[in-house]
Amino acid sequence: MRKRDRYGILLVMLAFVLLGFPQAQAQDTAKVLTLQDFHRLILQHHPIASQAALLTEQARQELRIARGTMDPVISSKLYRKEYGGKEYYNLWSNKLRVPLWFGPELVAGFDRNTGQYLNPENTMPPDGLSYAGIAVPLGQGLFIDERRATIRQAKLMQGIAEAERVKLINKLLLEATKDYWEWLLQYRTAQVYQEAQELTEFRLRAVRSRVLEGDLAAIDTVEALMALQERQLLLQQAQLELQNAQLQVAVHLWAEDQVPLELQAHTIPTLTGIDASTVSAQELQSLLAEARSSHPELQKLSLKGEQLQIERTFAANKLLPKLNAEYNVLQRDFYLQPDIMEQDHLQGNYKLGLSFSLPIFLREERGKLQLTKAKLQANSLELVQQTREVENAVLLAYNELQALESQLQLQEQMVANALTLRNGEQIRFENGESSLFLINSREAKLLEAQVKLYTLRTKYAKARTYLYWAAGEIPVE
1 MRKRDRYGIL LVMLAFVLLG FPQAQAQDTA KVLTLQDFHR LILQHHPIAS
51 QAALLTEQAR QELRIARGTM DPVISSKLYR KEYGGKEYYN LWSNKLRVPL
101 WFGPELVAGF DRNTGQYLNP ENTMPPDGLS YAGIAVPLGQ GLFIDERRAT
151 IRQAKLMQGI AEAERVKLIN KLLLEATKDY WEWLLQYRTA QVYQEAQELT
201 EFRLRAVRSR VLEGDLAAID TVEALMALQE RQLLLQQAQL ELQNAQLQVA
251 VHLWAEDQVP LELQAHTIPT LTGIDASTVS AQELQSLLAE ARSSHPELQK
301 LSLKGEQLQI ERTFAANKLL PKLNAEYNVL QRDFYLQPDI MEQDHLQGNY
351 KLGLSFSLPI FLREERGKLQ LTKAKLQANS LELVQQTREV ENAVLLAYNE
401 LQALESQLQL QEQMVANALT LRNGEQIRFE NGESSLFLIN SREAKLLEAQ
451 VKLYTLRTKY AKARTYLYWA AGEIPVE
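Numbered by full-length UniProt numbering, the letters in the sequence shown go through residues 1 to 477 in order.
Just so you know, the hints here were simulated from the structure itself, not pulled from any lab data.
Hints may be right or wrong, so weigh each one.
Stated by the list, open to error - Subject to a maximum C-alpha distance of 25 Å in a straight line, what follows is the list of computed BS3-like cross-link-like pairs (lysine-lysine):
{"#": "1", "residue 1": "Lys459", "residue 2": "Lys171"}
{"#": "2", "residue 1": "Lys95", "residue 2": "Lys322"}
{"#": "3", "residue 1": "Lys373", "residue 2": "Lys155"}
{"#": "4", "residue 1": "Lys322", "residue 2": "Lys300"}
{"#": "5", "residue 1": "Lys155", "residue 2": "Lys368"}
{"#": "6", "residue 1": "Lys155", "residue 2": "Lys81"}
{"#": "7", "residue 1": "Lys77", "residue 2": "Lys155"}
{"#": "8", "residue 1": "Lys95", "residue 2": "Lys77"}
From just these sequences and the hints, can you work out the full model?
Shown next, in the form of structure tokens:
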């Protein structure tokens with residue numbers, strides 16, 4: 001076999017291995033950071049993920065604060081007046097109020113008043129007077145009051161906080177995942193140009209050998225050298241973009257106590273999971289249904305509507321008059337006697353109170369009610385509009401996926417055709433029917449087609465991530 005034939009066969013074989021089927025770096029020296037591990041690190045230690053988790057805790061504490069309005073309250077008052085060596089009065093009042101969830105309050109207390117100039121209504125036995133009873137709202141506050149409205153709204157706030165947490169996590173994962181796929185694109189692009197440079201280096205050595213043997217003109221070495229220099233420039237640019245992509249990925253990596261992490265030089269992205277996988281029409285309908293029911297933006301608006309409904313009910317209750325009744329059984333001794341509930345005792349030892357008030361025009365109350373109704377209507381309209389926008393975003397993402405699938409199929413065929421043309425041109429060159437310039441041109445087209453294929457695959461992976469984000473939640477395995 002002649003030397004020129006042997007060089008030609010070696011060039012074709014090397015080109016077929018390097019450019020036809022680009023391979024990953026050696027796995028024995030490289031550490032693969034999978035997308036699942038990347039997501040896990042983000043959710044564990046990223047400051048935004050930690051901030052999102054605090055929203056749930058804040059909502060729990062808000063509910064705790066609201067429930068504090070139902071806590072029993074104990075109070076004690078002591079008033080004493082002494083003047084000119086005389087004790088005018090000594091008033092000591094103790095009270096316990098226990099709010100009940102359905103409106104009334106249980107009341108108990110003990111009073112002891114003494115003094116020479118005591119007001120007659122404060123006169124009582126020397127040992128004091130204890131009482132126990134109930135205060136009942138008969139108008140405002142019978143079905144709902146400020147305390148119950150606040151607690152109900154605080155409970156709904158937990159759902160709003162959870163929706164906001166999901167929204168923050170989704171946005172974080174969307175940006176991080178897009179950066180991860182960009183890192184993979186730049187890694188594979190640099191890989192392609194690295195392999196192309198190795199091929200042109202091999203070709204330059206082969207051409208120089210053939211020039212020395214007289215098989216090729218010396219000018220062909222210049223052509224081979226220019227091709228190598230072009231590949232070197234492309235590789236340097238790809239390596240720069242790879243370094244920048246690595247830095248962008250590292251922005252999302254954190255250790256405990258908000259300590260930033262850096263990607264090690266030997267860390268590489270996963271080379272699997274980026275291939276196109278069709279999203280069926282049934283899956284699209286499932287995503288649309290999921291978006292309507294649990295999208296964080298729609299959840300927030302729906303829960304806000306429920307809060308406004310509570311506010312409207314409370315505002316309507318404010319139109320009722322304030323009519324409160326309080327009844328207390330009085331007992332001479334501090335400790336209740338066994339006969340406290342006897343009929344004659346109840347009729348002879350009690351304290352009864354009634355109070356009534358009602359604004360004549362009710363302008364403030366009616367204004368608040370109408371304002372709440374307007375807010376409720378505005379929220380309903382916003383929910384309708386937001387629902388449509390969410391559905392539209394899902395459909396747009398799905399349409400982009402469908403288009404990218406077709407483009408990927410065409411681009412894969414273009415890569416295969418470009419490889420066939422380049423290899424055929426190489427054979428023609430060895431037979432003396434072509435030139436090194438044409439080989440380099442065919443090879444440049446092949447490189448361009450391969451890089452575009454990886455770019456389309458990256459766009460597809462990003463579009464798929466965006467589809468799940470538009471539906472309301474990015475899945476994390």
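Structure-based check of all given hints:
1. For the suggested pair Lys459 and Lys171, the alpha carbons sit about 18 Å apart, so the restraint of at most 25 Å is met.
2. Straight-line distance between C-alpha atoms of Lys95 and Lys322 comes to about 23 Å, which keeps the hinted pair within the 25 Å bound.
3. Taken as a hint, the Lys373 and Lys155 pair is honoured in the structure, with Cα atoms around 21 Å apart against an allowance of 25 Å.
4. A threshold of 25 Å between alpha carbons decides the hint, and for Lys322 with Lys300 the separation of about 34 Å lies outside it, so the pair is violated.
5. For the hint pairing Lys155 with Lys368, the CA-to-CA distance comes to about 23 Å; that is within 25 Å, so the pair holds.
6. With a C-alpha separation of about 48 Å, the suggested pair Lys155 and Lys81 falls outside the 25 Å cut-off, and the hint is violated.
7. Of the pairs offered as hints, the one joining Lys77 and Lys155 is violated, with about 35 Å between alpha carbons and a cut-off of 25 Å exceeded.
8. Proximity of Lys95 to Lys77 is assessed by CA-CA distance (about 9 Å); at most 25 Å being required, the pair is judged to hold.
The structure shown violates the earlier hints numbered 4, 6, 7.
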